[in-house]
Amino acid sequence: MANVLVSAPKQARAGEIVEIRTLASHPMETGFRAGTNGTLIPRDIVREFSCSYGGVTVFRMELSPAIAANPYIAFHLRARETGPIVLRWTGDNGFSVEETVTLQVA
Amino acid sequence: MRRIAALLAAVFVASLALAQTPPADPRRSGYADMAPAVRAMQDDDAANPAMLWVAEGRALWSKPEGTAGAACATCHGVAERSMTGVAARYPAWAPAAGAPATLERRVGLCRELHQGRPADAPGEARARLALLAYVALQSRGLPISPPADRRLDDARAAGEALFERRLGQLNLACAHCHSDNDGRRLAGAAIPQAHPTAYPLYRLEWQDLGSLQRRLRNCVVGIRAEPWPADDPHWVALELHLTHRARGMTLEAPGVRP
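If you read the protein sequences in the order shown, they are chains A and B. The opening position of the first sequence corresponds to residue 1 in the working numbering, with each subsequent residue numbered one higher. The opening position of the second sequence corresponds to residue 1 in the working numbering, with each subsequent residue numbered one higher.
Chain B extracted, bound-state conformation:
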């Protein structure tokens, strides 16, 4: 009798434990749906072309530039220590701009204000991308953790609305593909859930390294809408929403995507 009671108690405890396991996270990084060859390319630093930009960024980090003659290392010291976790929390509030800024905008602001360099050409300036890749690498493997900063709330809400808003001649919102039809295919390409887990990343289609903003511009042009200018608040708002959606997911930057 006692044995049966013990058995029943064990079953009861086991069923409790089962009920308490949290449901598996339905969110998937684009990495999970890539072909094994592309995954291997991302996993191996000797084969990942993004590492070329990281090497450039590492060289730029300690190179004095601009009228101030300062290098990034002059203020920030060793990137492996000072930049850990930085890429995981951007976009964040940039006091110098009085607005939320993406990490590449923040790098650009630093170069203008503290190094006294002329502003980089808007968009994908090579040196800025190289520094971005180098800084992002210092957060590889960390969870995406957007800051709980009330000043970001308005822009984040605007980004969420924008994600649901129909745009362009095809009259599609981001959500129509990335929330309603993720995991299916658009012609030959898999539709991902649009979690920005690996930016900046080397895209085989571009044969180049690109920022999240470039990827978003690609999507906007794809639905035949007029893209906003580089570093426009709309892009920042969308990035804020996307990082909030992907909070807690592991950062893989710098990644490779097909």
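One chain only, chain A, in its complex shape:
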């Protein structure tokens, strides 16, 4: 079950710096571990995380096999205008989750 948690302020003043914090449910299987029969467990990780704010990509991150399961990603952005913040996780085996939060800028 794809499942993410996003914690972001609902409102902000124009020009204020806000923090967006996210948790995504994902095993982040490295591809280097051997299974019970000695064969490698195939890699299954989140490859990319991106955040767009008002249609512009403001934060993007590539993830590697060294990152732990259920990755926690936190970053800051400057509140400019009221608009949707779209968070997107994509990865191996067609993993794709999108979550939208709206920031009200006064």
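Warning: the hint list may mix true and false statements.
Okay, the calculated beta carbon distance ranges per label pair [as the list claims (entries may be wrong)]:
(1) Pro-143/B to Arg-21/A: 29 to 35 Å
(2) His-176/B to Thr-102/A: 53 to 59 Å
(3) Gly-38/A to Arg-185/B: 29 to 35 Å
Residues from chain B that face chain A, not an exhaustive set, calculated with beta carbons under 10 Å [said to hold, decoys possible]:
(4) Met-41
(5) Asp-44
(6) Asp-45
(7) Ala-47
(8) Met-51
(9) Leu-52
(10) Trp-53
(11) Ala-55
(12) Glu-56
(13) Ala-59
(14) Tyr-202
(15) Trp-206
(16) Gln-207
These aren't lab readings, by the way, just hints derived from the structure by calculation. Fair warning: this is a prediction, and the values are worked out from it, not measured in the lab. For every residue, glycine included, the Cβ atom is placed at its ideal position computed from N, Cα and C.
Following the hints, complete the assembly by docking chain B onto the known chain A.
Frame of chain A, contents of chain B only:
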């Protein structure tokens, strides 16, 4: 003269008050010995990975399932009200099983009997863990209060004996580490007093949420003993003893441990 008498009386009263303060509780939750970063992770719901399971559990709570087409909410209503304090008193007697049961077994029984679902795979079924985390959250901050139920006495006594009994190739009992050497270190890891204050919890070593039974299985394998099958009465007996030992301590579930 009168002033001296008053002073003496005051000193006497103060010394009485001192003598009456109960000694500080020597029991420590594993939380107290964690690194500040891990503690911060547990304290902050936006950073605690166990909250992912809680979110799944919340969704499952009101989802009709099985041949009965019933959701947990059909019988139990709002979890925030009906499940308050439930996790603090388990393991408890389960009439459907005619035996003491852990909370995850009880959740599983409910799903089989009242929802008419096929039984979950034994052990750590994801949906059962998610519901367990959601139910446990409703008791966060409450004292652990095992029920005074005479039907649990035999199993609790068996658990206490088991805690002291040597097992496995390393020939160690639980007590050898957790009562005799708690607070010291085993290689790099701190030895806790083994109070189950935060289960189910997210263990960084597992990169996963796990129940108390999984943690106990870990310890049993660690002393090179053969673990009992999932949901075996031995696990329930041990849990009964551990919750009795930790009675009155605050439940932190769902916690984070290194």
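Hints, one by one, checked against the model:
Between Pro-143/B and Arg-21/A the CB atoms are about 31 Å apart, so this pair conforms to the stated range of 29 to 35 Å. Checked against the given bound of 53 to 59 Å, the beta carbons of His-176/B and Thr-102/A, roughly 56 Å apart, stay inside it. For Gly-38/A and Arg-185/B, the hinted distance range of 29 to 35 Å is satisfied, since their beta carbons lie about 34 Å from each other. Checking Met-41/B against chain A: minimum C-beta separation of about 9 Å stays under 10 Å; hint holds.
A hinted interface residue such as Asp-44/B counts as satisfied when its beta carbon comes closer than 10 Å to some beta carbon of chain A; here the least separation is about 9 Å, so the hint holds. Among the interface hints, the one on Asp-45/B holds; its C-beta lies about 8 Å from the nearest C-beta in chain A, closer than the 10 Å criterion. Because the smallest distance between the Cβ of Ala-47/B and any Cβ of chain A comes to about 6 Å, under 10 Å, the interface hint for this residue holds. For the restraint placing Met-51/B at the interface with chain A, the shortest Cβ-Cβ distance is roughly 6 Å, inside the 10 Å limit, so the hint holds.
Given hint, Leu-52/B at the interface with chain A, holds; its Cβ is 4 Å from that chain's nearest Cβ, closer than 10 Å. For Trp-53/B, the suggested interface contact is upheld, since its CB lies about 8 Å from the closest CB of chain A, less than 10 Å. For Ala-55/B, the suggested interface contact is upheld, since its CB lies about 6 Å from the closest CB of chain A, less than 10 Å. Residue-level restraint check for Glu-56/B holds (minimum Cβ-Cβ distance to chain A is 6 Å; threshold 10 Å).
Given hint, Ala-59/B at the interface with chain A, holds; its Cβ is 8 Å from that chain's nearest Cβ, closer than 10 Å. The beta carbon of Tyr-202/B comes within 8 Å of a beta carbon in chain A, closer than 10 Å, and the hint placing it at the interface holds. Interface hint status for Trp-206/B: upheld, as the beta-carbon distance to the closest one in chain A is roughly 9 Å, under 10 Å. The closest approach between the C-beta of Gln-207/B and any C-beta of chain A is roughly 4 Å, which is under the 10 Å cut-off, so the hint is satisfied.
The structure agrees with every numbered hint stated previously.
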